[in-house]
Structure formats: C-alpha cells, structure tokens
Amino acid sequence: MLARRTQLRRTPLKRFTRLAPRRRGGRRRSSRIYDEAFLAFCRTQICSVVEDWPDYPEKPTPCWGPIEADHDSRGRGFGQKSNDTGAIPMCKRHHEHRTGHTGTFKHVPRERIREWFDRAQVRIRTAWAQHVALEQQRAEAA
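Those letters in the sequence shown? Residues 1 to 142, per our numbering, in order.
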C-alpha cells in the first residue's frame, strides 16, 4: 500500500440551513371542510350501492362490513381527502371496490360511476337536511 505524503484536508460539515423558516403555531390545517356530525349520520345509513345502484349490466356484490363514509376524490390531488360534506355511506367491501376500481366497479366506466356518486350525494344530503330539521323541531319542542 502506498503511503500518502500529504494529509487529507478535513473540513467540518456545514450546518443545515432551512430554506423556509418554521411556521409559528405548528402545522397548518388544510382548507377542507370537516363535519363530524354529518360523517356520524352517514355511518348510520345503508350502503349507497344497495340504495342507489342503477340498472347496469353488472349486479353489485353483497354488502359486507361496517358502513364507512366514502369521500369524493374529484378536485383533489392524490392522497388528499375531499370535504366531509361530499361523503356518501358505503359498506367496507364496496368502499374498497370503488377505491381500487375492482369488484362491483371493475367494468363500470368512470363517467357512470361519477353520475351514480352524484345521485348518492343528493340522496344523502337530502336525508341529512331532513334529519337536521327534525332535530331542530325536537329541540324547540323540548
């Protein structure tokens, strides 16, 4: 092995400098609308696939699992959840099928799925408005 005549010059590592200063007050909350009461109401309804499925050639698979609130993903980037006001109730199986474009939703074109989703949103929003009005009447009567 050859001996080195001059020593390597060692310099200390430079300290990391932030490109943007840290925010005060912690993490910024997104601009999406949160509505826990509406999501809780969604979870008490029946699956939208059973309720609103049109006469497509494919029949929906049977429901399985608890009811979940399925958020509409239009107008948002990948991995970003939409507003809670645009959610519809779906069982666990159909929620996974719609998200993964498998099972019941495998051969249905995207446009028809969007039309169906819009109809389901109108139905659930109407039911929610009726529920809120009934709760207000009960509160006024008490």
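In short, the hints are calculated from the structure, not lab data.
Quantities reported herein were computed from a predicted structural model and do not represent experimental measurements.
From the three backbone atoms N, C-alpha and C, an ideal C-beta is built for every residue, glycine too.
Be aware that one or more of the hints could be misleading.
[What the hints assert, rightly or not] Within a straight-line C-alpha distance of at most 35 Å, the following computed DSBU-like cross-link-like pairs (lysine-lysine) qualify:
(1) K59 to K81
(2) K106 to K92
(3) K106 to K59
(4) K81 to K106
(5) K92 to K59
(6) K81 to K92
[Unchecked claim] Pairwise CB distance ranges (calculated):
(7) A141 to R112: 58 to 66 Å
(8) K59 to D118: 19 to 27 Å
(9) Y34 to K59: 29 to 37 Å
(10) G79 to A141: 18 to 26 Å
(11) E111 to R15: 48 to 56 Å
(12) A139 to R15: 30 to 38 Å
Beta-carbon spacing of A139 to R15 - inside the hinted bounds 30 to 38 Å or not: 60 Å, violated
Cβ distance range 29 to 37 Å for Y34 and K59, holds or violated: 36 Å, holds
Pair hint K81 and K106, alpha-carbon separation not exceeding 35 Å: Given that 35 Å is the threshold and the Cα spacing comes to 22 Å, the pair holds.
Hint check for R15 and E111 - Cβ pair distance inside 48 to 56 Å: Taking Cβ atoms as reference, E111 and R15 lie about 54 Å apart, which means the hint holds.
35 Å Cα cutoff - pair K106, K92: 16 Å, holds
Given pair status - K59, K92, alpha carbons within 35 Å: It holds: about 17 Å lies between the C-alpha atoms, which stays within 35 Å.
35 Å limit on alpha-carbon distance, applied to hinted pair K81 and K92: Roughly 17 Å between the alpha carbons, so the hint for K81 and K92 holds.
Outcome for the supplied range 58 to 66 Å, where the beta carbon pair is A141 and R112: 44 Å, violated
Satisfaction of the hinted span 18 to 26 Å by the C-beta atoms belonging to G79 and A141: 45 Å, violated
Holds or violated: K106 to K59, with C-alpha atoms at most 35 Å apart: 11 Å, holds
Cβ distance range 19 to 27 Å for K59 and D118, holds or violated: 21 Å, holds
35 Å Cα cutoff - pair K59, K81: Distance ~28 Å between K59 and K81 Cα, so the pair holds.
Checked against the numbered hints above, the structure breaks hints 7, 10, 12 and satisfies the rest.
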